[in-house]
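K.L.:
The hints should help you fit chain Y onto chain V, whose structure is shown.
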Amino acid sequence: MSRAMFGRTAGSAAALPGVDMSANLGSLAMPSPVLTASGCAASGRELDQFFDITKIGAIVTKSVMLRARSGRPTPRMCETPSGMLNSIGLQGPGIEHFIEEDLAWLTARGARTVVSIAGESVEEYGKLAQKLRAVEGVDAIEVNISCPNVAKRNQVFACDPELAANVILTVRRQSDSQTPIFAKLSPDVTDITEIARSVVRAGVDGLTVINTALGMVIDVETMRPALAGVTGGLSGPAIRPIALRCVWQIRQALPDIPILGVGGIRTGLDALQFILAGANAVSVGTMTFNDPSAPFRVQNELAGELADRGFESVREAISYGHRGAEVFGLESEGETEPE
Amino acid sequence: MPIQVRGEVLDVRRAGAYYVLSITAPGIPESFRPGHFVTIGIGGEESSLILRRALAIHQVQSRGVYGGTIDVVVGVHGQGTRWLSERHRHDFLDIVGPLGKPFVLPKEGVPCLLVGGGYGSAPLFMLAEQLRERGCRVDVVLGASSEDKLYGVLDIKRVSSMLTITTEDGSSGTKGRVTDVLPSIMEHNNSAVVYACGPMGMLEAVAAVAAEYRAYSQCSVEEAMACGIGICMTCVLPVIGEDGRTRMLRSCVEGPIFRGDLVRWAEIGTVPADALGAPELDAS
Numbered sequence: 050m051s052r053a054m055f056g057r058t059a060g061s062a063a064a065l066p067g068v069d070m071s072a073n074l075g076s077l078a079m080p081s082p083v084l085t086a087s088g089c090a091a092s093g094r095e096l097d098q099f100f101d102i103t104k105i106g107a108i109v110t111k112s113v114m115l116r117a118r119s120g121r122p123t124p125r126m127c128e129t130p131s132g133m134l135n136s137i138g139l140q141g142p143g144i145e146h147f148i149e150e151d152l153a154w155l156t157a158r159g160a161r162t163v164v165s166i167a168g169e170s171v172e173e174y175g176k177l178a179q180k181l182r183a184v185e186g187v188d189a190i191e192v193n194i195s196c197p198n199v200a201k202r203n204q205v206f207a208c209d210p211e212l213a214a215n216v217i218l219t220v221r222r223q224s225d226s227q228t229p230i231f232a233k234l235s236p237d238v239t240d241i242t243e244i245a246r247s248v249v250r251a252g253v254d255g256l257t258v259i260n261t262a263l264g265m266v267i268d269v270e271t272m273r274p275a276l277a278g279v280t281g282g283l284s285g286p287a288i289r290p291i292a293l294r295c296v297w298q299i300r301q302a303l304p305d306i307p308i309l310g311v312g313g314i315r316t317g318l319d320a321l322q323f324i325l326a327g328a329n330a331v332s333v334g335t336m337t338f339n340d341p342s343a344p345f346r347v348q349n350e351l352a353g354e355l356a357d358r359g360f361e362s363v364r365e366a367i368s369y370g371h372r373g374a375e376v377f378g379l380e381s382e383g384e385t386e387p388e
Numbered sequence: 005m006p007i008q009v010r011g012e013v014l015d016v017r018r019a020g021a022y023y024v025l026s027i028t029a030p031g032i033p034e035s036f037r038p039g040h041f042v043t044i045g046i047g048g049e050e051s052s053l054i055l056r057r058a059l060a061i062h063q064v065q066s067r068g069v070y071g072g073t074i075d076v077v078v079g080v081h082g083q084g085t086r087w088l089s090e091r092h093r094h095d096f097l098d099i100v101g102p103l104g105k106p107f108v109l110p111k112e113g114v115p116c117l118l119v120g121g122g123y124g125s126a127p128l129f130m131l132a133e134q135l136r137e138r139g140c141r142v143d144v145v146l147g148a149s150s151e152d153k154l155y156g157v158l159d160i161k162r163v164s165s166m167l168t169i170t171t172e173d174g175s176s177g178t179k180g181r182v183t184d185v186l187p188s189i190m191e192h193n194n195s196a197v198v199y200a201c202g203p204m205g206m207l208e209a210v211a212a213v214a215a216e217y218r219a220y221s222q223c224s225v226e227e228a229m230a231c232g233i234g235i236c237m238t239c240v241l242p243v244i245g246e247d248g249r250t251r252m253l254r255s256c257v258e259g260p261i262f263r264g265d266l267v268r269w270a271e272i273g274t275v276p277a278d279a280l281g282a283p284e285l286d287a288s
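In order, the protein sequence lines correspond to chains V and Y.
If you count the first sequence from 1, position 138 lands on 187 in our numbering, and the numbers rise without skipping.
If you count the second sequence from 1, position 120 lands on 124 in our numbering, and the numbers rise without skipping.
One chain only, chain Y, in its complex shape:
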């Protein structure tokens, strides 16, 4: 169950194009599972930026001098994330979490492939650790437009059996996109589950490759959210249910992790005509 806590910033450090914030968040690490996210209030109590920003939980520590702490990785896209990147040690933040449904882990020690686009790698670190604890082989592919937009290359190397890097400009690793290297890795390592976090276009492509190799895929989507707790209905996308029916699901509470084969990627940003309650059918 999510809680709302006042967290103290312990550290803000630069990592390539990103910022990593360590924040006290008593109570959140205790119920954290990889894939969960938090939302953080922006600009204080009088702020004109009223929407919280959603960030994947990167690391948690439930013990230590500061009690429970969390790390989040911030990419600066606009005013809100810039404000976050400019926080200092001892500043306080309004934090709600852990939110969302976490990654589903395999019961057996099957080979897994983790794919991160840009700072989409953030939630994959603790996932990798937990998969290894279950005896899974963990291969990782990190991709970005350029080297500075890769996150956590050295750290993830420690928890992965094989790490492959791709950049679109060739400044690091293989020149190209993550999907260029996926087929050979999946074939070589017999990956049974693919976990992915990154831009929607990447997720769609990764889900397609996974399906081709008959692997189970778990994709962490990035949809604009206003509340993060399931009350505003802004972050919806079309997802096929167990009954075969497509529904507009909230990525904050029914996600952000979805099975790649159940998301109707090409129709994100639309309401498919056969979705439950779609206007075209007049929902009989």
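The following block holds chain V by itself, in its conformation from the complex:
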């Protein structure tokens, strides 16, 4: 199959015979392993103008909090080499408005939805989970325990294995037992596998790896921090190798936990790297700002790249980069060797 067919301009998934793109994140079954990323897709409505949001894996909504929140002052954003720094501060309408307006729209539209929640305390996470109980259209919950743009930056839950586990225990207790719960982890830790193990023990169904990395830019004109929030989350292709390393390490440590890989994915080849490293599915985040059709395009490109390498399904490619590694005892089973 010609690689050229799946270039950036490829418009339709119809020309992809033979590659089974279906994917699972725990009990969430999707026709594709490509999702949006929290904070990079709002609640799907805007992106639906550029591609059919029901045709990708799922929409991961912007982290919603208990109450309406204004976010931080501007400037909230700064372009960096192959990336950007943001300090939005979780601006949003609050959970009730989100359920009535945004989630209702997504449900009516027929999109699979992963609802991202963010709280300022363990109790708030619990209340958020409670509000989502028995609400139609919640296909999974992503617990954002790693937003760097919160008031108490030294209290990012995902940087403390015990706090992180407490949040997950509470959310698990307050949620429908059928709803898969994912924890979104921060790369800003010494050993990400320690946090991963801790939230898995607390009952999480999967891990979203990774959130932004904390960074900073100084404006040399004003000779002050470029962001009103001083520091911000770095995202985009600049952090892709870090995200990939985190996925790899967690897959080595926890062979069975579902992983949603996120970090600077721009092309089908980038997505393929994450899947080979052990991600069961991937989110396209910041690059959606660069190309509003990116999630759909990446999905088509990924199918082409898998076909080019002789894979018949995405599943076969998951963790394929680890083959031969003792931790898995995997055999390559006579697959076509890449390259």
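Honestly, the hints are just simulated from the structure, not real lab data.
All values reported here derive from a predicted model rather than from experimental measurement.
Hints may be right or wrong, so weigh each one.
[Stated by the list, open to error] Now the in silico label distances, taken between C-beta atoms and shown as ranges:
| # | chain 1 | residue 1 | chain 2 | residue 2 | range |
| --- | --- | --- | --- | --- | --- |
| 1 | V | 265 | Y | 166 | 41 to 51 Å |
| 2 | V | 185 | Y | 137 | 42 to 52 Å |
| 3 | Y | 65 | V | 272 | 37 to 47 Å |
| 4 | Y | 92 | V | 171 | 55 to 65 Å |
| 5 | Y | 246 | V | 149 | 14 to 24 Å |
| 6 | Y | 245 | V | 268 | 30 to 40 Å |
| 7 | V | 267 | Y | 173 | 24 to 34 Å |
| 8 | V | 294 | Y | 266 | 43 to 53 Å |
| 9 | V | 270 | Y | 180 | 21 to 31 Å |
| 10 | Y | 283 | V | 176 | 17 to 27 Å |
| 11 | Y | 49 | V | 294 | 19 to 29 Å |
| 12 | Y | 18 | V | 170 | 50 to 60 Å |
| 13 | Y | 248 | V | 265 | 30 to 40 Å |
[To be verified] Calculated from the model, a selection of chain V residues having no Cβ within reach of chain Y, i.e. all distances over 12 Å:
| # | residue |
| --- | --- |
| 14 | 69 |
| 15 | 78 |
| 16 | 104 |
| 17 | 238 |
| 18 | 340 |
[What the hints assert, rightly or not] Think about it this way: if two alpha-carbon atoms lie no more than 20 Å apart in a straight line, the pair counts; the simulated EDC-like pairs of lysine to aspartate or glutamate are:
| # | chain 1 | residue 1 | chain 2 | residue 2 |
| --- | --- | --- | --- | --- |
| 19 | Y | 105 | V | 95 |
| 20 | V | 176 | V | 225 |
| 21 | V | 176 | V | 145 |
| 22 | Y | 105 | Y | 12 |
| 23 | Y | 105 | V | 97 |
Backbone N, C-alpha and C fix where the C-beta goes; we use that ideal spot for every residue, glycine too.
P.N.:
This is chain Y only, laid out in the frame that chain V set:
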């Protein structure tokens, strides 16, 4: 509804301190209204500059040899706009548009005043034409720091009843700022609506003069945007709603045109304590 198209550069021409790009953009002129903008991807598919640049649509042509085309005016501020200024005929660009909410036009043929700061004049040309078609008197004030930073003086003369130029260094027209000449023009022409596009400081001053003369003002703001389509939440500013409540609104989808009397200009760059969801109130 915005679309994403691959546009071919037809022409790049220098205009004073600026560059005007004509680009094919099939489908965009058809739904264009004055005040709309486009975003353009920078540096190609492998670029390390990942954020699109937002540019006001200057002119559109929906028919002709090339089908739909748009013109944008580029001021070089940094790497991204420099890259745009260095495009050549037959280069391709990734374009999304038309974006944003357009200028609101009066139903009656009332006198209008258009104020452009620097290349902020770009979206005013087609606005002027449409206002004239509605029977509005159109007066124009263009201002800049110096003559080379004025854009489109000769072209806008053709569509305006009266054109006034101001430059801060006096190299063209009246020495000073646009707001120095506004009161006398508004008084003389009974301007009912003021349309403005330019730097935030200018917009704030224009909105204040408009309010003083009880004119309705429509300001096109310039906030840093990452996406231009409403998903990134970076381009917000405090705006008073119909219910009297201040909200942090996205200038890309709820703007870029706002009523001048509803923007809390002095508090841009802050979150006013009474804004919806502001931390100080703990948003009860």
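K.L.:
Take the hints in turn and mark each one as holding or not.
P.N.:
Against the structure, the hints:
Evaluation of the 41 to 51 Å hint for residue 265 of chain V and residue 166 of chain Y yields a pass: the beta carbon distance comes to about 50 Å. Checking the proposed 42 to 52 Å range against residue 185 of chain V and residue 137 of chain Y shows it holds: the Cβ atoms sit about 49 Å from each other. About 45 Å separates the C-beta atoms of residue 65 of chain Y and residue 272 of chain V, a value consistent with the hinted range of 37 to 47 Å. The hint said 55 to 65 Å for the Cβ distance between residue 92 of chain Y and residue 171 of chain V, and at roughly 58 Å that hint holds.
In this structure, residue 246 of chain Y and residue 149 of chain V meet the distance hint of 14 to 24 Å, their C-beta atoms being roughly 20 Å apart. Remark: the range hint 30 to 40 Å for residue 245 of chain Y to residue 268 of chain V is upheld by a beta-carbon distance near 32 Å. Take residue 267 of chain V and residue 173 of chain Y: their Cβ atoms lie about 31 Å apart, and the range 24 to 34 Å holds. The given range of 43 to 53 Å is respected by residue 294 of chain V and residue 266 of chain Y, whose C-beta atoms sit roughly 48 Å from each other.
Range check, residue 270 of chain V to residue 180 of chain Y: about 25 Å between beta-carbon atoms, so the 21 to 31 Å window is met. In this structure the supplied range 17 to 27 Å holds for residue 283 of chain Y paired with residue 176 of chain V, their Cβ-Cβ distance being about 19 Å. For the pair residue 49 of chain Y and residue 294 of chain V, the beta carbons lie near 25 Å from each other, so the given range of 19 to 29 Å is met. Between residue 18 of chain Y and residue 170 of chain V the beta carbons are some 58 Å apart, a value that agrees with the proposed interval 50 to 60 Å.
The given range of 30 to 40 Å is respected by residue 248 of chain Y and residue 265 of chain V, whose C-beta atoms sit roughly 38 Å from each other. Against chain Y, the non-interface label of residue 69 of chain V holds: every CB pair exceeds 12 Å, the least being about 28 Å. Once the 12 Å rule is applied to beta carbons, residue 78 of chain V is consistent with being away from chain Y; the minimum gap is 26 Å. For residue 104 of chain V, the requirement that its beta carbon stay farther than 12 Å from each beta carbon of chain Y is met, with the minimum near 16 Å.
Residue placement check: residue 238 of chain V keeps its beta carbon more than 12 Å from all beta carbons of chain Y (closest about 26 Å). With a least CB separation of 7 Å from chain Y, residue 340 of chain V falls inside the 12 Å interface cut-off, contrary to its annotation. Of the supplied pair hints, the one linking residue 105 of chain Y and residue 95 of chain V holds, its CA atoms being roughly 14 Å apart against a limit of 20 Å. With a C-alpha separation of about 13 Å, the suggested pairing of residue 176 of chain V with residue 225 of chain V holds against the 20 Å cut-off.
Restraint check for residue 176 of chain V and residue 145 of chain V: the C-alpha separation of about 11 Å stays at or below 20 Å, so the hint holds. Proposed proximity of residue 105 of chain Y and residue 12 of chain Y is contradicted: the alpha carbons are some 25 Å apart, above 20 Å. For the proposed pair residue 105 of chain Y and residue 97 of chain V, the alpha carbon gap of about 18 Å is at most 20 Å, so the pair holds.
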